[in-house]
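Participant: This is what each chain is made of:
Number of protein chains: 2
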Amino acid sequence: MVPDPTAPTVTVPAGSAPSADPTATPLGFGVGARVTASVMADDYARLLVDALARLDLRGLVRETGDVSTYLGGDEEALLGVLTDLGEALARTEHHATLGILLSRGCPGEVVCELPGGAGPRRVELPAPRRTGRYAAAEWSLYPLADQGTAEGTEPDHMRDIYAAIDHARTLGTFRGSEHFATRLEGDLGDVLATAVAGWTMVGRSVQHVTSHLTISLNSPSHPVREPAAEGGAR
Amino acid sequence: MVPDPTAPTVTVPAGSAPSADPTATPLGFGVGARVTASVMADDYARLLVDALARLDLRGLVRETGDVSTYLGGDEEALLGVLTDLGEALARTEHHATLGILLSRGCPGEVVCELPGGAGPRRVELPAPRRTGRYAAAEWSLYPLADQGTAEGTEPDHMRDIYAAIDHARTLGTFRGSEHFATRLEGDLGDVLATAVAGWTMVGRSVQHVTSHLTISLNSPSHPVREPAAEGGAR
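Note that the protein sequences, when read in sequence, are chains W and V.
Just so you know, the first sequence maps onto residues 1 to 234 in this note's numbering.
Just so you know, the second sequence maps onto residues 1 to 234 in this note's numbering.
For the record, the hints were derived by calculation from the structure and aren't laboratory data.
Yeah, the Cβ is synthetic: ideal placement off N, Cα and C, and Gly gets one too.
One or more hints might be untrue.
[To be verified] Residues from chain V shown here face chain W by an in silico Cβ test under 7 Å; the list is partial: (1) 42; (2) 66; (3) 67; (4) 97; (5) 103; (6) 136; (7) 142.
From just these sequences and the hints, can you work out the full model?
Facilitator: Written out as structure tokens, the structure reads:
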């Protein structure tokens with residue numbers, strides 16, 4: 001299509017230097033997350049700063065904003081740091097929510113820098129790390145058509161959603177359907193891994209895939225946790 | 001496609017009784033929102049209950065959950081109640097976040113009840129109500145291909161996104177692009193109206209459209225508000 005002269009300037013993420021295979025570079029392929037952490041406590045600022053300061057970013061790019069924090073990097077590193085952050089929030093024992101947007105295959109924000117056919121990017125599903133903390137979540141997964149013009153990259157929303165839900169059943173986190181979202185429950189690490197795995201799986205056949213996950217931690221309406229079971233392996 | 005026998009049971013939303021025109025009934029067409037409100041305060045529960053109790057739901061369907069609250073109904077009523085809720089949260093003077101998922105054209109959760117070609121649904125863009133409260137937000141908009149099989153309902157992601165961003169410029173809320181999201185700022189009522197309008201506009205040509213909006217209120221990193229300007233008309 002013809003570029004729109006009124007479109008915002010596209011910023012080039014670090015690491016997106018021209019490459020023979022754009023799927024090989026997580027940042028070049030636009031693999032990343034935006035995360036909004038909310039802690040229901042008067043001293044939320046200290047709690048959040050503490051949780052964020054202890055994170056091992058393991059090569060991820062981070063840009064902090066007033067609405068969310070951007071994290072860019074490969075799928076395994078993203079799942080690792082999201083699990084660490086969620087666990088740190090849960091361990092404050094305050095009620096907290098975590099809003100997560102995952103995206104792949106469309107670096108460059110409003111205007112994708114990669115044309116259709118630059119992907120998909122095929123990687124192994126990152127493994128969960130159990131935390132002993134309960135999480136309830138609502139999950140949406142979007143295979144997007146805008147970049148799906150090359151052979152084999154056409155999104156099939158229902159096919160892809162079914163595959164992701166089957167995987168959620170395997171991980172034991174699937175709890176059913178809500179209006180517009182899938183309900184997940186279980187160990188926080190498994191819930192996060194479900195969303196990252198679904199997004200990664202669909203990303204094996206579709207270039208541009210986004211996923212949104214809203215996690216609730218330490219809600220007063222959650223089942224009472226059993227400290228013995230909570231800390232143990234399952 | 002062949003229904004998957006392992007798929008979750010599809011629940012039929014109230015109001016989705018057979019109709020000659022499925023786009024005429026907001027609930028039958030799956031017009032609704034999921035909302036997660038987080039208040040950074042020790043007495044968040046009282047503050048949220050107070051804010052929710054004062055809402056005029058004006059015929060909207062509400063289902064409260066531990067992760068989010070579902071609201072179903074027409075676009076104008078949704079924007080009205082989201083604006084009221086956001087204003088109530090802002091007036092607590094605590095830092096708060098609001099995570100909103102808007103959806104249309106795919107009632108029935110995982111399995112859409114409407115086949116492609118049942119839409120699109122064309123309605124007027126609901127008008128903003130100014131609140132005098134500043135909001136910063138990140139916005140994503142997804143025209144989805146799964147239901148876009150009928151003539152004239154094929155999503156064109158870039159065309160639709162450009163139209164929505166042009167409208168955000170008209171409303172004065174567009175602030176640029178972040179990784180994976182569009183940044184909006186301004187009066188909370190205008191920010192919410194931008195997202196609802198973009199979703200409604202794209203919904204004039206595409207059946208299944210979702211949109212995600214994360215709003216930050218009363219952040220310590222937000223510009224200091226001028227009480228005189230804040231309460232006045234612009």
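Participant: Does the closest beta carbon of chain W sit nearer than 7 Å to the beta carbon of residue 67(V)?
Facilitator: holds (5 Å)
Participant: Is the hint on residue 42(V) kept, meaning its closest Cβ partner in chain W is under 7 Å away?
Facilitator: Hint on residue 42(V): holds, closest Cβ of chain W at ~5 Å, below 7 Å.
Participant: With a cut-off of 7 Å on the beta carbons, see whether residue 97(V) makes it to chain W.
Facilitator: holds (5 Å)
Participant: Given residue 142(V) as an interface hint, is the shortest Cβ-Cβ distance to chain W below 7 Å?
Facilitator: At about 5 Å, which falls below the 7 Å cut-off, the nearest Cβ of chain W leaves the hint on residue 142(V) intact, so it holds.
Participant: Does the interface hint hold: is residue 136(V) within less than 7 Å of chain W, judged Cβ to Cβ?
Facilitator: It holds, given that the least Cβ distance between residue 136(V) and chain W is near 5 Å, below 7 Å.
Participant: Can residue 66(V) be said to touch chain W, with a Cβ gap under 7 Å?
Facilitator: holds (5 Å)
Participant: Should the hint that residue 103(V) touches chain W count as held when the rule is a Cβ pair under 7 Å?
Facilitator: holds (4 Å)
Violated hints for the displayed structure: none, as all numbered hints are satisfied.
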